[in-house]
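Q: These are the residues of each chain, in order.
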Amino acid sequence: DQQVKQNSPSLSVQEGRISILNCDYTNSMFDYFLWYKKYPAEGPTFLISISSIKDKNEDGRFTVFLNKSAKHLSLHIVPSQPGDSAVYFCAAYGTASKLTFGTGTRLQVTL
Amino acid sequence: EAQVTQNPRYLITVTGKKLTVTCSQNMNHEYMSWYRQDPGLGLRQIYYSMNVEVTDKGDVPEGYKVSRKEKRNFPLILESPSPNQTSLYFCASSLDGRKTNQPQHFGDGTRLSIL
Chain A
1 DQQVKQNSPS LSVQEGRISI LNCDYTNSMF DYFLWYKKYP AEGPTFLISI SSIKDKNEDG
61 RFTVFLNKSA KHLSLHIVPS QPGDSAVYFC AAYGTASKLT FGTGTRLQVT L
Chain B
1001 EAQVTQNPRY LITVTGKKLT VTCSQNMNHE YMSWYRQDPG LGLRQIYYSM NVEVTDKGDV
1061 PEGYKVSRKE KRNFPLILES PSPNQTSLYF CASSLDGRKT NQPQHFGDGT RLSIL
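Sequence lines, in order, name chains A and B. Residue 102 in the numbering used here sits at position 102 of the first sequence; the count goes up by one each step and never skips. Positions in the second sequence are counted from 1; adding 1000 to them yields the numbering used here.
Please keep in mind that the hints were generated in silico from the structure rather than gathered at the bench. A hint or two may mislead.
[Claimed, not checked] Below 20 Å or equal to it, Euclidean Cα-Cα: the simulated DMTMM-like pairs (lysine to aspartate or glutamate) are:
(1) Lys98/A / Asp1096/B
(2) Lys5/A / Asp1096/B
(3) Lys68/A / Asp84/A
(4) Lys98/A / Glu1001/B
[To be verified] Counterexamples of contact, computed for chain B against chain A with all Cβ distances above 10 Å:
(5) Val1004
(6) Ile1012
(7) Ser1024
(8) Arg1072
(9) Ser1082
(10) Gln1085
Values in this document were obtained by computation on a predicted structure and should not be read as measured data. Note that beta-carbon positions come from the ideal geometry of N, C-alpha and C, so glycine has one too.
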């Protein structure tokens, strides 16, 4: 039972344009959400997070939006750069200190 | 340099031969965790530890053991590995494991192949 879903396995965006990565969750107990970025042969690295008491968090080119009623969050990258090409995972904390990850979306930023 | 170190990075072994993957962090973090990454399934948590001598099961603990005798180390033990444990494994640590702005730091992964 996949409680955190990333329905787009891959996404291709031109350099300079906006990248939008989506994530849906089913567990209403999730109250803290994170995005991680992963390059090949490396571990995931933290990108940005959001608490369920907020609907938006911004950090430079990265913005995460949370729609609690729809159980949906999205990561916006503006402008997209070639170095952003990686696999992006969304993740969520519930009642325990267990982190549940989505299946990942591979972003390719083309020149 | 703050880091999470896993060893080995790659291992090919055979069914039933006990193996241990070590994980060490130098950030004095209380929380440590193990994940496996499989195609189409993302990262799934195997075990986690809130502090020394405190461990809990994640979502896929079957076939694995862990121990936390020291704060910095959190080894993953496969007593009798089987081919379905062939995967990419990640160790992670964070300050306290609670939902704060202290995210988990990950090691670079260990690729296990069990024949």
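Q: Please name the hints from earlier in the document that this structure breaks, with their numbers sorted from lowest to highest.
A: Checked against the structure, the hints that fail are numbers 2, 3, 4 and 5, while the rest are satisfied.
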